[in-house]
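Colleague: Chain residues, written in single-letter form:
2 protein chains.
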Amino acid sequence: MDVKIYKDLMGENAKWAAETRATLAGKRARMINLIGSPGCGKTLLLEKSAERLRPATRFAVLEGDVETTRDAERLASLGVRVSQLLTGGACHLEAKLVHAALNDLPLDALDLVVVENVGNLVCPAEFDIGEHAKVAVLSVTEGEDKPLKYPLLFREAGALVLTKTDLLPHLTFDLEACLGFVRRINPALPVFQVSALRGTGMDAWVGWMRRGG
Amino acid sequence: MDVKIYKDLMGENAKWAAETRATLAGKRARMINLIGSPGCGKTLLLEKSAERLRPATRFAVLEGDVETTRDAERLASLGVRVSQLLTGGACHLEAKLVHAALNDLPLDALDLVVVENVGNLVCPAEFDIGEHAKVAVLSVTEGEDKPLKYPLLFREAGALVLTKTDLLPHLTFDLEACLGFVRRINPALPVFQVSALRGTGMDAWVGWMRRGG
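Here the protein sequences line up with chains A and B, keeping their order.
First residue of the first sequence? That's 17 in the numbering used here, and the numbers climb one at a time after it.
First residue of the second sequence? That's 17 in the numbering used here, and the numbers climb one at a time after it.
These aren't lab readings, by the way, just hints derived from the structure by calculation.
Backbone N, C-alpha and C fix where the C-beta goes; we use that ideal spot for every residue, glycine too.
To spell it out: a stretch of chain A is covered by chain B in this simulated footprint if at least three of its residues, at any positions, have a beta carbon under 8 angstroms from a beta carbon of chain B; those stretches are:
#1 44-55
#2 78-86
#3 127-138
#4 147-158
#5 161-169
Start from the sequences and build out the full structure, keeping to the hints where you can.
Modeller: Structure representation (structure tokens):
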């Protein structure tokens, strides 16, 4: 890892986040930033959200990954407007890359831009990309104590989506304990319990998406 | 995040990793470094491994977390010798902190030191802590494509533990595809399919632990 470059990017990040905020200030479009562990179900959540957002809400996805274009291809195959942002090894999206991709979007024809960040519960929460709201995505398979163990994201988030609730009968996950831990970190955080696979809870979550945080 | 401090630590990391290697060179004890996403089952794997390692294999755990001492308490309650390493926000363990904790262990009375890194599939793979082997821990709930999407860890690892296999009947996880992706990244990587909860596959994995990588 080239530390000098990393330092430069850190210094520039706030500047590019501010540029993005300035760009969005004159537009109708809202931008939300989905953050969660690898495999917590962010892409499936977007696939199933897309079905419900269309056609009333015009949206685009900026898909962040360390490598591969697999997630962008999944969304593109559903007809979703999607751009792939590859970090080339880095563990989070930086504001400059997001800004460049945002500027290539037809913002005047959009209501919502959804950023799917790199799968990582820690680092992306530290990097402002100029979004209106961060969304924490936590799978019930990850255990109820994650809000206590990784508090920054849950503190910074404007919403929490608790995914894969269809698996609850097969897990020892303590839902009430989890919600208690969430309230301890961020008492006002709205929590959406969803099974994207089954469709449970999706209407409430997609309602929040439409409002854009 | 204070970039100057981060830069200093990066520069020092290789030095402290080398110090740890020098410390371990004269000892019987091997050191392995468990890396995987939040909630992939690292701590439960250690709890259930501990039952099988004792009494023949004398071991200690260095438990890495961003915040809280929850995981160390879980292991301590089973009588496991465990030290808690808190990063105070950082997304990975650095070699200096590991070295300090290692020096407080009675190394001459140990066969194995297990480091449980911070829950993160990306960053910990970049930081050498002087271990004999990295172990990738991937839960089947995370989906079969993670070796392709986060290849560094799978390339660096000396073993892969595929956890929560008891949930396979309830998932769309494609095991053969996952193993194919693993082989594409690291053809010789030994893969242990386990359900720590049910005990399935634990003997083979604990055999590998005893050999220390």
